[in-house]
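Protein sequences appear in the order of chains A and B. Just so we're aligned, residue 1 is where the first sequence starts under my numbering, counting upward by one. Just so we're aligned, residue 1001 is where the second sequence starts under my numbering, counting upward by one.
In case anyone wonders, no lab produced these hints; they're calculated from the structure. Honestly, I wouldn't trust all of these hints.
[Claimed, not checked] Listed next, the in silico EDC-like pairs over lysine to aspartate or glutamate satisfying Cα-Cα at most 20 Å (straight line):
| hint | chain 1 | residue 1 | chain 2 | residue 2 |
| --- | --- | --- | --- | --- |
| 1 | B | K1019 | A | D95 |
| 2 | B | K1019 | A | D131 |
| 3 | B | K1019 | B | E1074 |
| 4 | B | K1223 | A | D77 |
| 5 | B | K1223 | A | E61 |
| 6 | B | K1019 | B | E1008 |
| 7 | B | K1223 | B | E1087 |
| 8 | B | K1223 | B | E1082 |
| 9 | B | K1223 | B | E1074 |
| 10 | B | K1019 | B | E1082 |
| 11 | B | K1019 | B | D1083 |
| 12 | B | K1223 | B | D1083 |
| 13 | B | K1223 | A | E78 |
| 14 | B | K1223 | A | E74 |
| 15 | B | K1019 | A | E78 |
| 16 | B | K1223 | A | D95 |
| 17 | B | K1223 | A | D131 |
[What the hints assert, rightly or not] To list a few chain A residues with every Cβ distance to chain B over 10 Å, as calculated:
| hint | residue |
| --- | --- |
| 18 | R21 |
| 19 | L58 |
| 20 | S71 |
| 21 | R73 |
| 22 | D95 |
| 23 | L132 |
| 24 | L174 |
| 25 | G180 |
| 26 | A185 |
| 27 | P200 |
| 28 | R205 |
| 29 | I206 |
| 30 | D210 |
These figures come from a predicted structure and were not determined experimentally. Backbone N, C-alpha and C define an ideal beta-carbon position, used for all residues, glycine too.
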Amino acid sequence: MEALNPHGLSGRGIHVWRGDRHVLRHVSIDVLPGEVVHVAGPNGTGKTTLLRVLAGLLPAEEGTVGWRGRSIREERDEFNAQMAYLGHENALKGDLTAYENLHYSVGMRQLHDASEIEGTLDQLGILRCRDLPARVLSAGQRRRLAMSRIMLLGASLWVLDEPFTNLDVAGVELFSSLIGDHVAAGGMVTLAAHQGVVVPGATPRIVELD
Amino acid sequence: MRAAGLMEAGALLYARDVKLAFRRWEQVTQPVVFFLMVTTLFPLALSPDTAQLRQVAAGVVWVAALLSALLALEFMFRSDYEDGTLEQLVLCGQPLWWLALVKAAAHWTVSGLPLVVTSPLVAASLAVPGEAQWTVVASLALGTGILSFLGSVGAGLTLGVRRGSVLLSLLVLPLAMPALIFGARAVDMAIMGDSGRGPLMLLSAMLILSVTLGPFATSAALKVSME
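Sequences and hints are given; from them, build the entire structure.
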């Protein structure tokens, strides 16, 4: 088997079964600094499963996921500290305000002061929703709020599962430029999406699942 | 920006859970209302005769408290699981056993503590003499604690199961039986004018056991449920 790459995230020979369905068959993937990797494929081909395996949420039945040359199982804490995962669900609490959601969820990893959180909300264009409970926000605004969390975590690797769902045209552009800025600064992004992804300043490398 | 320590992360998670519970008021009140209803129905259904009530008081208080606490158990991780927050907790870099411990403690604060606080009222309505009230409070404080920490294991295990509440009761109730037996015994002894210290000590031992071992089992259970 090919060696794990020493600079970024790598998956080698990943197999996952769901019941008796063989969802991922020998998938190998690399994400290097400054790179956007777009996991593409029709619905039901295991895009989410692959991202969950890469994020360490789902153990691969065969194969390894490595971070900077070492298996993420051994380097769990170091890997978690440098990875931000945006799942299918936004991981927001409807009863908490936008600000509180970020305060609690980001705060368990890093402590920010109010101005940093407000700055990020502003960047994502939802500062006026600061004190509204997340449940009254629109689906697109909730996605933006979830993305604010990724921004605040300051992780070098972003794992984004369908980040563009529910976004309007301006939102898609905003997210793309945020992703572009992140990789321009040496970050890594791997994302799943069924539509084409255009990132300013970077050409996404496509990994096709079938 | 700086990294959050273990205590800071724990304090935030605790504060968040308590705040959420108070924003969803019915979730806090439901077990207490159930507890009060069941226990106040007994004097009406049996007889207002104090001697007779005293005989059943210990059992009634404890069974009602156990079932009310069980009602709330299902919600310990349910909403976090459904909205994806649990995934973020697993990935947040803090040890999962610690987060499980904090969540069980927060769960006790919003579902167990109200039962403890209202128990003197319930005890009085069942003609429990004044001296025995403290034993009722102490035994329930220990007992609901045991159930929260023990129950967190079951709540974690049954997360992925649709309509897991029946399974959850089947898993947790047998494990909670020793607590019920010794708790009711302590109250009974206090009502009879004896000291209930012996059974209370045993309850404390059980609480220590479930607080120290429960979170590790819960974190393993959560990891299995997440897959």
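The hints, checked one at a time:
1. B:K1019 with A:D95: 9 Å, holds
2. B:K1019 with A:D131: 15 Å, holds
3. B:K1019 with B:E1074: 18 Å, holds
4. B:K1223 with A:D77: 15 Å, holds
5. B:K1223 with A:E61: The given pair, whose Cα atoms are some 15 Å apart, holds under the 20 Å limit.
6. B:K1019 with B:E1008: The hint holds at about 16 Å.
7. B:K1223 with B:E1087: Since the Cα atoms of K1223 (chain B) and E1087 (chain B) sit roughly 9 Å apart, the hinted pair holds (cutoff 20 Å).
8. B:K1223 with B:E1082: Measuring from Cα to Cα gives roughly 15 Å; hence the hint holds.
9. B:K1223 with B:E1074: Since the Cα atoms of K1223 (chain B) and E1074 (chain B) sit roughly 17 Å apart, the hinted pair holds (cutoff 20 Å).
10. B:K1019 with B:E1082: Holds, at about 18 Å.
11. B:K1019 with B:D1083: 17 Å, holds
12. B:K1223 with B:D1083: 16 Å, holds
13. B:K1223 with A:E78: This hinted pair holds, its Cα atoms lying about 19 Å apart.
14. B:K1223 with A:E74: Given pair K1223 (chain B), E74 (chain A) holds - Cα atoms ~16 Å apart, limit 20 Å.
15. B:K1019 with A:E78: Distance of about 31 Å is beyond 20 Å: violated.
16. B:K1223 with A:D95: 26 Å, violated
17. B:K1223 with A:D131: It is violated: about 33 Å lies between the C-alpha atoms, which goes past 20 Å.
18. R21: 15 Å, holds
19. L58: 5 Å, violated
20. S71: 17 Å, holds
21. R73: Nearest chain B Cβ is 12 Å from R73 (chain A), so the label holds.
22. D95: Given a closest Cβ separation of 4 Å, the condition is violated.
23. L132: 13 Å, holds
24. L174: L174 (chain A) clear of chain B: closest Cβ-Cβ about 22 Å, beyond 10 Å.
25. G180: 22 Å, holds
26. A185: For A185 (chain A), whose nearest Cβ neighbour in chain B is about 16 Å away, the distance exceeds 10 Å, so it holds.
27. P200: 26 Å, holds
28. R205: 24 Å, holds
29. I206: 26 Å, holds
30. D210: 24 Å, holds
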